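Asks: Sequence:
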Amino acid sequence: NKHSFKYSGLANKSAVGVDFNRDANGNIVRGCVLSKKSRKCANRSQPRNTWNNTTLKSRDFRKVARTIRNETEGRYYRRDLTKAALARWSQINRTQTSA
Numbered sequence: 001n002k003h004s005f006k007y008s009g010l011a012n013k014s015a016v017g018v019d020f021n022r023d024a025n026g027n028i029v030r031g032c033v034l035s036k037k038s039r040k041c042a043n044r045s046q047p048r049n050t051w052n053n054t055t056l057k058s059r060d061f062r063k064v065a066r067t068i069r070n071e072t073e074g075r076y077y078r079r080d081l082t083k084a085a086l087a088r089w090s091q092i093n094r095t096q097t098s099a
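Residue numbering for the sequence shown follows the numbering used here, starting at 1 and increasing by one per position.
Just so you know, these hints were derived from the structure itself, not from any lab.
Treat the hints with care, as some may be off.
[Stated by the list, open to error] In silico lysine-lysine, DSSO-like type, Cα no more than 30 Å apart, as pairs:
1. Lys83 / Lys13
2. Lys37 / Lys6
3. Lys63 / Lys83
4. Lys40 / Lys57
Every value quoted in this text rests on a predicted model; they were computed, and no experiment measured them.
Please work from the sequences and hints to get the whole structure.
Replies: As structure tokens, then:
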């Protein structure tokens, strides 16, 4: 359940999000944006610095999946959310390839 305590970005010190990649006009572009909550306590009190966003523009599904896995499991950052992030990337990629 995406609304449970486990996935909450407000309740947890660490959280992961995968969303559509958008251009300056707001149109959906190929790839995704990987968001991780900042580990620094100083950034958490400033809303604009709370999330670290990484834009993944690659066309290769496996390359983006490997990057998501390395950013979550590889850096010991919320290993339990890796499957959920990869599932979200799979859904985003499916919508981008069908269009």
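Asks: Given the hinted pair Lys63 and Lys83, is their alpha-carbon gap at most 30 Å?
Replies: This hinted pair holds, its Cα atoms lying about 16 Å apart.
Asks: Hint check: Lys83 vs Lys13, CA-CA at most 30 Å. Holds or violated?
Replies: Satisfied, since the Cα-Cα distance of roughly 19 Å is no more than 30 Å.
Asks: Hey, Lys40 versus Lys57, does the alpha-carbon distance stay inside 30 Å?
Replies: 26 Å, holds
Asks: Keeping to a limit of 30 Å between CA atoms, is the pair of Lys37 and Lys6 held or broken?
Replies: 14 Å, holds
The structure meets every hint from the earlier list without exception.
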